[in-house]
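Engineer: Chain residues, written in single-letter form:
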Amino acid sequence: MSKHYYDADDLAKFGQISEFQPKLGKKFFDYYGSVFEAGALSEREKALIALAVAHAVQCPYCIDAYTSGSLEKGADEEQMMEAVHVAAAIKGGAALVHGVQMMNKAKDMTM
Amino acid sequence: MADIPLLRDISSLEQIPSENLKQGQVNDNVGIKQYTINKDKMKKSLQAQAHNLSDTQVQLELLNKEKKDGADFPKFHRKLEGIGLFPLKPTQLDIFQVNMGKMCNQVCKHCHVDAGPDRKEIMTRDTMELCLAALAKSDIRTVDLTGGAPEMNPNFRWFVEEITALGRQVIVRCNLTIILANPKYHDLPEFFKKHKVEVVSSLPHFSAKRTDAQRGDGVFEKSIKALQLLNKVGYAQPDSDLKLNLVYNPSGAFLPSSQESMELEFKRRLKEDYTIDFNTLFAITNIPISRFLDYLVISGNYESYMQKLIDAFNPAAAMGVMCRNTISIGWDGYLFDCDFNQMLDLKLPDSVGQHIRDFDRDKLLKRDILLNQHCYGCTAGAGSSCGGETT
Ligand code: SF4
Ligand code: SF4
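Residue numbers (this note's numbering), protein chains in the order written: chain A, 1 to 111; chain B, 1 to 391.
No wet-lab data here; the hints were simulated from the structure. Since we're looking at a predicted model, the values are computed, not measured. By construction, the Cβ of each residue, glycine as well, lies at the ideal position given by its N, Cα and C atoms. Check before you lean on any hint, since a few could be wrong.
As the list claims (entries may be wrong) - Here are the computed lysine-lysine pairs in the DSS-like style, where the Cα-Cα straight-line distance is at most 30 angstroms:
{"no.": "1", "chain 1": "B", "residue 1": "Lys137", "chain 2": "B", "residue 2": "Lys243"}
{"no.": "2", "chain 1": "B", "residue 1": "Lys308", "chain 2": "A", "residue 2": "Lys13"}
{"no.": "3", "chain 1": "B", "residue 1": "Lys44", "chain 2": "B", "residue 2": "Lys222"}
{"no.": "4", "chain 1": "B", "residue 1": "Lys79", "chain 2": "B", "residue 2": "Lys44"}
{"no.": "5", "chain 1": "B", "residue 1": "Lys43", "chain 2": "B", "residue 2": "Lys222"}
{"no.": "6", "chain 1": "B", "residue 1": "Lys347", "chain 2": "B", "residue 2": "Lys67"}
{"no.": "7", "chain 1": "A", "residue 1": "Lys13", "chain 2": "B", "residue 2": "Lys79"}
{"no.": "8", "chain 1": "B", "residue 1": "Lys308", "chain 2": "B", "residue 2": "Lys109"}
{"no.": "9", "chain 1": "B", "residue 1": "Lys184", "chain 2": "B", "residue 2": "Lys43"}
{"no.": "10", "chain 1": "A", "residue 1": "Lys13", "chain 2": "B", "residue 2": "Lys243"}
{"no.": "11", "chain 1": "A", "residue 1": "Lys13", "chain 2": "B", "residue 2": "Lys68"}
{"no.": "12", "chain 1": "B", "residue 1": "Lys43", "chain 2": "B", "residue 2": "Lys120"}
{"no.": "13", "chain 1": "A", "residue 1": "Lys13", "chain 2": "A", "residue 2": "Lys26"}
{"no.": "14", "chain 1": "B", "residue 1": "Lys363", "chain 2": "B", "residue 2": "Lys308"}
{"no.": "15", "chain 1": "A", "residue 1": "Lys13", "chain 2": "B", "residue 2": "Lys67"}
{"no.": "16", "chain 1": "A", "residue 1": "Lys46", "chain 2": "B", "residue 2": "Lys209"}
{"no.": "17", "chain 1": "A", "residue 1": "Lys3", "chain 2": "B", "residue 2": "Lys68"}
{"no.": "18", "chain 1": "B", "residue 1": "Lys67", "chain 2": "B", "residue 2": "Lys109"}
{"no.": "19", "chain 1": "B", "residue 1": "Lys75", "chain 2": "B", "residue 2": "Lys109"}
{"no.": "20", "chain 1": "B", "residue 1": "Lys193", "chain 2": "B", "residue 2": "Lys232"}
{"no.": "21", "chain 1": "B", "residue 1": "Lys67", "chain 2": "A", "residue 2": "Lys3"}
{"no.": "22", "chain 1": "A", "residue 1": "Lys46", "chain 2": "B", "residue 2": "Lys271"}
{"no.": "23", "chain 1": "B", "residue 1": "Lys308", "chain 2": "A", "residue 2": "Lys46"}
{"no.": "24", "chain 1": "B", "residue 1": "Lys308", "chain 2": "A", "residue 2": "Lys3"}
{"no.": "25", "chain 1": "A", "residue 1": "Lys13", "chain 2": "B", "residue 2": "Lys65"}
{"no.": "26", "chain 1": "B", "residue 1": "Lys308", "chain 2": "B", "residue 2": "Lys68"}
{"no.": "27", "chain 1": "B", "residue 1": "Lys120", "chain 2": "B", "residue 2": "Lys89"}
{"no.": "28", "chain 1": "B", "residue 1": "Lys308", "chain 2": "A", "residue 2": "Lys26"}
{"no.": "29", "chain 1": "B", "residue 1": "Lys232", "chain 2": "A", "residue 2": "Lys26"}
{"no.": "30", "chain 1": "B", "residue 1": "Lys267", "chain 2": "B", "residue 2": "Lys79"}
{"no.": "31", "chain 1": "B", "residue 1": "Lys184", "chain 2": "B", "residue 2": "Lys137"}
{"no.": "32", "chain 1": "A", "residue 1": "Lys23", "chain 2": "B", "residue 2": "Lys308"}
{"no.": "33", "chain 1": "A", "residue 1": "Lys27", "chain 2": "B", "residue 2": "Lys308"}
{"no.": "34", "chain 1": "A", "residue 1": "Lys46", "chain 2": "B", "residue 2": "Lys267"}
{"no.": "35", "chain 1": "B", "residue 1": "Lys43", "chain 2": "B", "residue 2": "Lys347"}
{"no.": "36", "chain 1": "B", "residue 1": "Lys194", "chain 2": "B", "residue 2": "Lys120"}
What the hints assert, rightly or not - Covered stretches of chain B (chain A as the covering partner; in silico rule of three or more C-beta atoms under 8 angstroms from a C-beta of chain A):
{"no.": "37", "stretch": "206–220"}
{"no.": "38", "stretch": "247–255"}
One chain only, chain B, in its complex shape (with noise of 0.2 angstroms):
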């Protein structure tokens, strides 16, 4: 719930024209340069619009700032601590985790990894050859392929082709737009279909309304389509192998909440409104990074967001946290603990080795999984990774 503005906030965001001031939203005095947001600053992502929480320097400095009342939030590391999880430690080495780039044809609200059109990085064939090398001397089963839309990389059937040639499971995060995006992605179902992928979807809401305040207008409609068309080819149909599992994330400053009851209701809609199907809905919890930051300064949820993830700390679910089994490779081929980490330039340190050319297994395990306040959103409640709940 946004606070009604008061004069005085309004005049503190005297740099910025009224025309693009939307009422309800005020800043959170968050003692960072001010902001606001208009719908068309909202089509491009933080970085093409040189917004100062773009730099990951001052998204950490955020997150560990004092609250508006002067005491600190507890520090994560601490928590961990308590419960005899520091330093934290993988237990494993199961997944490959690739993220091919951060352009996309989307620039959904929550983004963490601020991708969108505009975004030029993506991952070149070389860097897939190191990523390559490294699996072939490993023995991780599963790849997971995300970005931006990694569909859009021009190597991305190339290294899906050569991943399953290593006898590798593939996992595609799609945000099912793409699919329809152009001509030349309308196969993609079938591309997907022959080479066995995973494939793993967003879709915060099976409303439209609430699905394209997130992910952008008309796409509720583009994903329900994309949907069919992957139903179609045999994705998620009874006798078939082929896995389509469902990603919600709120629409909002909330946690999301029970998995399998919000499965039970997306899949008796989905199949009464639109008749999909899917197996499994993962819920997963909004970290407080990049995009999805941003919108909770804006939006003046910043701090009931924080104390709510921290309130919510669940040790079970620290416990099974994603980085202890996960391997995240940044499109320039450099190594991080997750996604989130990547995202936040958290770079794993020189004497584990920092990028894919340096893959070493045995190093990677015994390393220290670097923690900060964002980690709290994998901890909350029944916990949350890129396969949902983990408690």
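The following block holds chain A by itself, in its conformation from the complex (with noise of 0.2 angstroms):
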């Protein structure tokens, strides 16, 4: 066990998550694979996408990921940001709009 919790050349031992659990790995992969797939959504929507959820759950391996597969997909660094900024609109509205809740019970418990 290295003294850091997160690195850069774990991403590529991903797969090597089935090694304690081969059924449920194989069944995940498969159906991520699935996932990026081209369907209704491109390959390039469907990084980008993702992109912009990595940036949302802050998962450094996924941007890493993502990074190199939108790149590689055709979207370009404007398009990525854009993507980015999709995600922070959410998180910034998520904790925004519970303002209301705030209000709500402030309110009831005011004069």
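Got two chains here, separate frames each, mind docking them using the hints?
Structural biologist: Written out as structure tokens, the structure reads:
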């Protein structure tokens, strides 16, 4: 075990999670592969969504993987940053919309 | 993603004046002379910079060097051995690819030819005569003209006319900007049309930023204008048999993805934004030689890029590598398995005939193709050739 919680080399070892539980690992990776195939959404659109979600969940492995993935699928820097802003807007919005809940409660409790 | 430079990396570059160092770019510690880039240098070929990677021997040594951790990259010929393809043999001789010279009006960062305005090596008319003689006695249907910018060769038009007179199809690898570079080139679209030349042109991206980053400032705008001119004379128009194909290659240390989905996106964007039409998009992998190799080393991406190519090795792509149906002719008439081997100066053995004046179809078809580590670029993923994917 290294002294760091995150190691960039671990990304390439993702597949090894199947070692401890092959059946579920296989099901997951089959599913994962299918999700990213072109369908009603193109591979590039899916990579950009993944990039946005990666930022929302703040996963450095996913950010690494889907920065490369988005470039490989032909996205450009502007599209990628717009995707990150979508994540930021939703995260910020999600925090702020709860402000209504706070206001409701505050109104209930105050004269 | 370039590493943040560590102090010790910077100090090891002491022979380079500090103003030439670009933040964020470190050498990859490959054990050969240290180097870095500055913007002015990028406007010159490696040769004009007296860069050590302009020496093909240094490139081959680097490609065969062990990794930083001491392990070796698997040898390409062993991979082929594993699938019963070694020694690699030609399957036929369909394409006669002539490199008309290293002179070019552009200095793209990824150029595997190390071409540029400072390169003076171009094919003479005598050598072209030898090419025509070889063509006349063969049944090769397609002649693929490349460079540099082949149009800059003063005998370019004559050569195209002569090849066409032999009844062969000409493909020209046109960098687009040449059409606008000088009034004497403005009528190239008309000339191409007259001889039914198939035009193949690089456009690394439908965004100006990404294209210019690879090919130089202002290249995108000029390329768009040139494409519109080609469309105007009838290229890639409905009911026209004039073919205009585009080449996409990644502007960075990553591999191209599905040619088909990229083509859809290119078609949509170029049509909507610039009313441009084209026939087919060829997705081409950058081969780790010459200026692209230099880029990989200075950006710290060399090892990870090689690993990506190796991990993506695809036996089906190996079956279809372009050297199996192509012969490549250098500006000085020497013969090679492909344009990449030409740039690494991997000449055919004497027994096969080394020069176009010795052209012998039967001997060429029996030759062993010369392989090295750069060949991984042709076999990654869906494969890569001058005509795009090979699978
Ligand atoms: S890639 Fe083509 S256009 Fe660019 S410098 Fe090389 S030969 Fe010229
Ligand atoms: S680099 Fe040349 S010799 Fe090597 S596989 Fe590709 S086409 Fe063939």
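Engineer: Which numbered hints are broken by the structure, listed smallest first?
Structural biologist: Numbers 4, 10, 14, 27, 29, 30 and 31, in rising order.
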